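**Student:** Going down the list, the protein sequences come from chains A and B.
All letters in the first sequence, in the order written, are residues 1 to 273 by our numbering.
All letters in the second sequence, in the order written, are residues 1 to 240 by our numbering.
Quick caveat, the hints were computed from the structure, so don't treat them as lab data.
Since this is a predicted model, take the numbers as computed values, not measurements.
The following label-pair restraints were derived from C-beta to C-beta distances: (1) B:Lys76 to A:Glu210: 23 to 33 angstroms; (2) B:Lys76 to A:Pro59: 19 to 29 angstroms; (3) B:Asp155 to A:Ile80: 56 to 66 angstroms; (4) A:Pro59 to B:Ile74: 23 to 33 angstroms; (5) A:Thr77 to B:Gln147: 53 to 63 angstroms; (6) B:Asp224 to A:Asp76: 57 to 67 angstroms; (7) B:Gly20 to A:Arg162: 54 to 64 angstroms.
With a straight-line Cα cutoff of 30 angstroms, these simulated BS3-like cross-link-like pairs (lysine-lysine) come out: (8) A:Lys114 to B:Lys76; (9) B:Lys22 to B:Lys196; (10) A:Lys207 to B:Lys76; (11) B:Lys122 to B:Lys196; (12) B:Lys139 to B:Lys196; (13) B:Lys227 to B:Lys122.
All residues carry an ideal CB built from backbone N, CA and C; glycine is no exception.
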Amino acid sequence: MDATAALTTPSATGAASADAVANPKIVAKNVNVHYGEKHALKDVSVDIAERAVTAFIGPSGCGKSTFLRCINRMNDTISICRVTGRITIDEQDIYDPSLDVVQLRARVGMVFQKPNPFPKSIYENVAYGPRIHGFARSKAELDEIVEDSLRKASLWNEVKDRLDDSGTGLSGGQQQRLCIARAIAVSPEIILMDEPCSALDPIATAKIEELIDELRQNFTIVIVTHSMQQAARVSQRTAFFHLGVLVEGGPTERIFTSPNDRRTQDYITGRFG
Amino acid sequence: MTLMTDHIVSAFDADLKELGDKLAEMGGLCEKLVAESVGALLKRDSPLARRVIEWDRSIDRLQHEIEERAILTIAKRAPVAIDLREVVAALRIANDLERIGDLAKNIAKRVIALDGQFQPPKLAHGVEHISDLTLGQLKEVLDAYTQRDEARAMDVWRRDGEIDSLYTSLFRELLTYMMEDPRNIGFCAHLLFCAKNVERIGDHATNIAETIYYLVNGEPLLDDRPKSDTTSSTKIEYQG
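Kindly generate the complete structure, drawing on both the sequences and the hints.
**Tutor:** This is the structure in structure tokens:
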């Protein structure tokens, strides 16, 4: 499949005009990613709306996680990985050599598939980031940030009496919300979530989805999910990736009721994947 | 025309196929019901009219089955895109067909009511003509659904104006007969309602055409339907 052709199909150009994002927080232009010889992402161009949830869907190996990891330059840590093209956050090029990657990752938080709390207390899990970034001048201020972050992550009421217990002793869903609290604690603008519910039961999943809906008031959220229904439920915009190409992007309701591209339709209706 | 390949979960295909099969059965029954009810009217055949009323129950039963199957499919498969539109279209078309069945049943009831009354010959000719046209529309739109043929559905949609015009002229004709001879009034009033029922069946056929448009294109048809039924604004002058 020719990547350039895919971008100039009526659906792709339609997505750029009719489905244009009014207030893009993140703008990607012709992003290509190579892992050694493998061309993992092909000419991906997409606008990501501010204070909204954008879902990336597509079969395994389609490049959606790769693209997610470009947004906070996580791919830098892979030596054979080469990223070309341009990604801007608030019109600032995040691949600018003068940019401080540590600062970037404070602005762009990430939550992973498997909850990965530090083997420390619940309090320390959340306090760690703000402390090393020097966000708090006193213990009282730090306490405030920890409580505020845990409240925003809808975890405060469940853990307020045992902040000194180990974070790893919480249930899977609680651990994931702790990781979200940890991400929120450094006041990011963007939160990237890579299949945040795939290791959780339906109740814990519902709580995270409820949380995502609350968080979009204050954060720009990009979520990679294998659950079509989850993408339909939590996101305002959806982008479908296939074989390293961004096939189609647009308002979630349109993607799930009448997608423009046959490949999108076949994937979301369960005809391949 | 959309030809979809099979789902990974083949039971999903079976669910959708069953919906389509039941709808085809229901559509066939509706065509038969409309044809027989008008036939009963033209031949003043009360026993046939009673059978029509009985057949309408099967249509109601099929509508319930389609509704249940559609709801179950939504609950089990969480259909999206073309699959979702298939299920929604089946629900809508089943509703229109159920109404068509009711309208045909209403014609049959009027046939029974007319039994033994003074019935001037030839007055039913106009109704026969409008019925033929409507039955053609119904058959065509059901074929368009089976073929997922949006162009054919749109032809049906555009032709509804003819039925409306015919109904308007029939309305005037029947009024004339009633004014000529008061003994015609009872029969003509029933005949007028029968013609109105047939005209409404035509409207349901255009509803189905609109649903087919949505099913194929994924967006609703926004144009206004051509309307030529002007009876609601027709003035009647009594020369007496």
